[in-house]
Every structure is written in structure tokens, then in C-alpha cells.
Amino acid sequence: MDRTEKNLKLLAVFSYAMMAAGLILGTSYATLIMVALLIVAVVLSKDAQDEDAVLPVVGAQVLYFGVQIFSVLLSILAMFLARIDEWIVQPIAKEETPNYWGNSYSQTSDWLDTTNDVLDFIIFLVSIAAIVFAVIALVDLLRGAKFSKTLVGKIAKPFTCRKEVYYCANCGEAVKGEFCGKCGTKKE
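Going by the numbering used here, the first residue of the sequence shown is number 1, and it counts up by one from there.
To be clear, the hints were calculated from the coordinates, so they are not data collected in a lab.
Among the hints, a few may not be true.
Here are the simulated DSSO-like cross-link-like pairs (lysine-lysine), alpha carbons at most 27 Å apart as the crow flies [stated by the list, open to error]:
1) K157 with K9
2) K149 with K46
3) K46 with K146
4) K157 with K46
5) K154 with K9
6) K46 with K187
With the sequences and hints as input, model every part of the structure.
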């Protein structure tokens, strides 16, 4: 293993730690740090001999942003349910209670509070599942297993932006179409 691959492995370990910290603590800069880690990993992987060298870092990104996207979708659902409560349920209800700021009055619904609590609990469970996947990935990474064969590696594989390059069998030039641009040999 060369120096670049070791640096990518260290970067992957840091990515999984940052992913877990971002999900647990909810740090506001976690997303920016995760994007920066991905950029650094892509730049470093250009020098690596292994084309799957960036895969462990991409695995951390997929887990982190997957949880974030799921959280956004549940937040949209919660807002939709709040609008249903506002337009349909509240006109039926007659009880008024002070809102969060205490200076105006709004109607509340118990079902909406319960639903929001359930959605928050689901986000918590998904975050815990992502952290469990991160621990599994770290164990596989530190154990030295081929990461593309691991559970998180298989999940992250479709998200790598790797383009297969075909080289001409006759002259060795990279072929972009059906025929080699240098010698004219048909792509096999």
C-alpha cells in the first residue's frame, strides 16, 4: 500500500468519525466538512493505483447525506401534516392555547404533536442505523478487507463517478467512440 492509499484510508476513518459526530451532535458545519473531505479524497484518489481507493470516503458520504435527505423528506411530511392540521383540524377544534412565544394564540392538535414525535424518533433510528453501518465499515477498513466487497462498499459503489475507459488493442490509445482515433481499429 503506497502513501496515497494510506492517506485515503486515514481520510476515510476521519470521514466516518465526522459522519457520526455530525449525526449525533447535529453540528452545523458537518455538511461543509463532509463535502471538503470528499473533494480531498477525489483529488488524492487521482494519484492512487487502486481505482476503488475513494470508495471508503464515498461510503461515509452516502451514509451521511442519505440520513440528511431522509430527514428533509420527513420534515416536508411534517410541514404537510401541519398544513392539514391548520386547514382542516383546527377550524373544527375550539380550544385555544398560547403558542411558543406566548404573545398570540393558536389552536393545537394532540395528533400533530404525537406525529412529530414519531417522525423525530424515526430520524433518530435511521441515524443510529447509519452509525452502525459506519462502525461496520470502519471495522472492515481497519481489518484490511477489500472495501468494494464490504456491505458499505456495495452500497456506495453506484455513487462513485468512475467512467470505464477502453484502450485500443492495437495501439493502446484511449478509445472514445466505436473506432480508435489514432489507428482506426474497431472497438471490440
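Each hint tested on the structure:
1. K157 with K9: holds, 16 Å
2. K149 with K46: holds, 21 Å
3. K46 with K146: Between K46 and K146 the Cα gap is close to 19 Å, so the pair holds against 27 Å.
4. K157 with K46: holds, 17 Å
5. K154 with K9: The hint holds at about 17 Å.
6. K46 with K187: holds, 26 Å
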